[in-house]
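Those protein sequence lines, which keep their order, are chains S and P. Going by this note's numbering, the first sequence runs without a break in its numbering and finishes at 166. Going by this note's numbering, the second sequence runs without a break in its numbering and finishes at 341.
One or more of the hints may lead you astray.
[As the list claims (entries may be wrong)] Once the Cα atoms are required to be at most 25 Å apart in a straight line, the calculated PhoX-like pairs of lysine-lysine come out as:
#1 Lys118(S) to Lys107(S)
#2 Lys22(S) to Lys144(P)
#3 Lys22(S) to Lys75(P)
If you are wondering where the hints come from, they were derived from the structure by calculation, not from laboratory data.
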Amino acid sequence: MSIFYFIAFLSILFAVLVISAKNPVHSILYLVLTFFTFTIQYILLNAQFLAIVNFIVYMGAILVLFLYTLMLINLNKDSEPMKTNLVKIAAVLGGGCLLVVLVGALKVLGISQPVILKNPDLGLVKNLGKVLFNEFLLPFEVSSLLLLSAMVGAVLLATKDKKTTA
Amino acid sequence: MGTTDIIVKFILIVIIFLISLVVAMYSTYAERKIAAFFQDRLGPSRAGPFGILQPVADGTKMFLKEEIIPANSSKFLFIVGPSLAIMTACIGSAVIPWGQTLVIGSYHLDLQVTDINVGVLYLFGVVSLGVYGVMIGGWASNNKYSLLGAIRAASQNISYEIAMGLSIIALLMTTGTLSLKEIAAQQHGWHWNVVYQPLGFLIFIICAFAETNRSPFDLPECETELVGGYHTEYSSMKLGFYLFAEYINMFISSAVMSTLYFGGYNFPFMHSLGLSDNWVTILGVVALFAKIFFFIFFFMWVRWTIPRFRYDQLMDLGWKTLIPLAIANIVITGIVLTLIK
Numbered sequence: 001m002s003i004f005y006f007i008a009f010l011s012i013l014f015a016v017l018v019i020s021a022k023n024p025v026h027s028i029l030y031l032v033l034t035f036f037t038f039t040i041q042y043i044l045l046n047a048q049f050l051a052i053v054n055f056i057v058y059m060g061a062i063l064v065l066f067l068y069t070l071m072l073i074n075l076n077k078d079s080e081p082m083k084t085n086l087v088k089i090a091a092v093l094g095g096g097c098l099l100v101v102l103v104g105a106l107k108v109l110g111i112s113q114p115v116i117l118k119n120p121d122l123g124l125v126k127n128l129g130k131v132l133f134n135e136f137l138l139p140f141e142v143s144s145l146l147l148l149s150a151m152v153g154a155v156l157l158a159t160k161d162k163k164t165t166a
Numbered sequence: 001m002g003t004t005d006i007i008v009k010f011i012l013i014v015i016i017f018l019i020s021l022v023v024a025m026y027s028t029y030a031e032r033k034i035a036a037f038f039q040d041r042l043g044p045s046r047a048g049p050f051g052i053l054q055p056v057a058d059g060t061k062m063f064l065k066e067e068i069i070p071a072n073s074s075k076f077l078f079i080v081g082p083s084l085a086i087m088t089a090c091i092g093s094a095v096i097p098w099g100q101t102l103v104i105g106s107y108h109l110d111l112q113v114t115d116i117n118v119g120v121l122y123l124f125g126v127v128s129l130g131v132y133g134v135m136i137g138g139w140a141s142n143n144k145y146s147l148l149g150a151i152r153a154a155s156q157n158i159s160y161e162i163a164m165g166l167s168i169i170a171l172l173m174t175t176g177t178l179s180l181k182e183i184a185a186q187q188h189g190w191h192w193n194v195v196y197q198p199l200g201f202l203i204f205i206i207c208a209f210a211e212t213n214r215s216p217f218d219l220p221e222c223e224t225e226l227v228g229g230y231h232t233e234y235s236s237m238k239l240g241f242y243l244f245a246e247y248i249n250m251f252i253s254s255a256v257m258s259t260l261y262f263g264g265y266n267f268p269f270m271h272s273l274g275l276s277d278n279w280v281t282i283l284g285v286v287a288l289f290a291k292i293f294f295f296i297f298f299f300m301w302v303r304w305t306i307p308r309f310r311y312d313q314l315m316d317l318g319w320k321t322l323i324p325l326a327i328a329n330i331v332i333t334g335i336v337l338t339l340i341k
């Protein structure tokens, strides 16, 4: 339990650093660390497959692409657009509303009954695969179709318009 | 896990770590000797007999050189880059089964640091993490050539990771397990996976070349275009770490290829020699290292034979050839598996 609190503290610390860091590249690196702490949490929950997939997909692929894009952007402070006062006031109002909602939500907070799984090894690859391909086959296939359509959409958007290039 | 187990595992980790470092050290020597052989030269021959002490001399030189951190670099990340590179290179060895079980008295010594049930995915994760060392170092140098090298490395690694993952999926369909120990054990007696997955192995080895940034895919450090690539600004041991990480990566990927496709510690007629189990295990370790050294030699053989790719050719090969081939391989494997059942 103490490991959980320590890792949770690190997650929140790095998450705060992501938004407070001045340099976008530093932000991304803090985000990498945040995802790494999530990986540790998954391992603590005995969900090894989820942990390693989080590790590969988020840390190893998506954030590398983020970093890749950010490195190509001009990071000079002078080129940063200045916001008008109206936008700043709107941002303060919006943030205040969010704070009210959060405080309201925290007020009615109660400790839920801990869920005890029938099978504590559910997160291991073998069991997870069996569950995904038997019990939850339809949602699993539907979500894979969703990902496929997203991929096709991205390819369509990325291909050049034949009329303009030809 | 008792205290003895922890101590034994600790010693095993230290031994594997030392072996990785020594193999990487002598790979630099082997590389130069092999290059010399291919180019009809002598190669290093002054330090010790046959130049055998050359890596020691090189290492000492690296340590003694002046350490320069560029004035406009981001200093912390400049140091983090090579540290990450060498760290990700070293942690891959944790899941590789170096041999079977040694029985000493009543104690069973497993020649593998840990047998996690997602071993193959762990290796894949470590590979995908490797790109951070190069990217952070290249960006922190605050140098255009370094940045270009880092960007090349990142796009190359991401492109070839996909094909590598797809080739591994086909392998997993035939083996039915993610544990490297079980994969190695299944290949007992000529059931080597390369026989069942020849195309998968071909894709895997090409991707391994790309992931370790070895020639013909060494565009991130292409000196004719980029001065020195991502480590242009590095000096002293920090440069040494980058170069060293490449050799350790080569060692680990050779070990992975031997384990996944070439039977790991299995060797022909291992149980018909009439030797005791411990001797068979020790010979198995020797066999695994023989396979690893063959692959390291293969890496070097290719480097001194084939010229470097052009950047667009590299991307074409990755996206338009290897990925469709890997997907076709998965489909064929699936059909054959269904027909056999």
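Results for each hint:
{"no.": "1", "hint": "Lys118(S) to Lys107(S)", "verdict": "violated, 32 Å"}
{"no.": "2", "hint": "Lys22(S) to Lys144(P)", "verdict": "holds, 22 Å"}
{"no.": "3", "hint": "Lys22(S) to Lys75(P)", "verdict": "holds, 16 Å"}
In this structure, the one hint that does not hold is number 1.
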